[in-house]
Amino acid sequence: MSILIVEDNQVSAKILEIILQKHGYQTIVATTGKEALEFLKNTISIQLVIADIMMPEMNGLDLVRTMKESREWKEIPVIMSTSLADAQTVSEAVKLGCRHYVLKPVNAANLMPKVHEALTAEIPVIRNRYLIMSELGLDSIAYEELARSLATQISEKIQHLKQMDTSGKHVENVQSEVLDLAESSMVLGAERVKSIMERLDAKGKRDAETMRSFYPLLLVELELFHNALMCLLNPQGHKK
Amino acid sequence: MGIKKGESVNLMKLAEDMGFEENEFLEILELFVKTTNSYLNVLQSALEQGDIQKVIEVAHSIKGAAGSLELTDIYNIAKGIEMSAREGHLDGLSENIRLIKERNNLVAEVLARSDQEGIL
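Chains as they are written, first to last, in my numbering: chain A, 228 to 467; chain B, 7 to 126.
Simulated from the structure, these hints should not be mistaken for laboratory data.
Straight line, CA to CA, 27 Å or less: simulated DSS-like cross-link-like pairs of lysine-lysine:
#, chain 1, residue 1, chain 2, residue 2
1, B, Lys19, A, Lys331
2, B, Lys85, B, Lys40
3, A, Lys261, B, Lys40
4, B, Lys40, A, Lys249
5, B, Lys19, A, Lys249
6, B, Lys60, A, Lys261
7, A, Lys268, A, Lys341
8, B, Lys19, A, Lys389
9, B, Lys40, A, Lys331
10, B, Lys60, A, Lys331
11, B, Lys19, A, Lys341
Bear in mind the structure is a predicted one, so any value in this text is a computation, not a measurement.
Work the whole structure out from these sequences, hints included.
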């Protein structure tokens, strides 16, 4: 899976590249809208476009317009990167069907939630329970028993993990706990957790630096998965 | 962030705030110094030729790069050049180019020091 960065400013492009690669994404950089279209034509693995608005030849808005008019590219999500001063332009981008934007200066904290949101918008937090039951050969009672036990485990672990120091090298202390929890959740259909784990696998290593980048996302998605499990088990309203 | 002569510069703090490791931030800063120097040459020529559009474009690029790194001094000077050119005024902008060059050299000096001392 690749992310296409469309940015004429070398420094801004490098910042995006470093942040995204650190989070397990492959990146391609185009310096104009026209060049971006060439990459879109020739690279099938592009799943997200992050585009600056002000660029020579073809600006970001024209790029979005062209993409949304194309049957082939209209479903590829686009994040516009912009400054506050471009509020008018952002509203034009929204009219064109661009649902995400990130304010400059871009850093990991403001970019990654947007990337995650754009890429997972179509991925459910939890898979259909009947598909899981059929795959695992479980009846309703067994499924609910498993789901309840996992939900309790996630809730307790997350409370515990939130109290721990995960900055710096301390992330190594919680690494195995988070990964175990993620693996167990995937068995019961935590689709978005799975997509993060796939990216983690694509990085090929699980050292402290890599884990520091993935840890916050995993925690958020595990909490969402926990809430989904509780809704499913107690449709009248859930409590932890 | 402003970088001024004689001031102790905590770029490591800036790197941390932006979520970068030291080596990543150094790589970005090196690119910034290099591209800003080449932008300044283009800017100076555009100014001498009275090419307002080019001045706007290049000042915008310097502003964007400095803004990305939260180098507010350079950002503000470049923004001033861009705004002035948008209003059709190019007089006196050479001094602003000199100021950016001076500050860019300070960033380069900090980088050179970090090379020698192994710290930011």
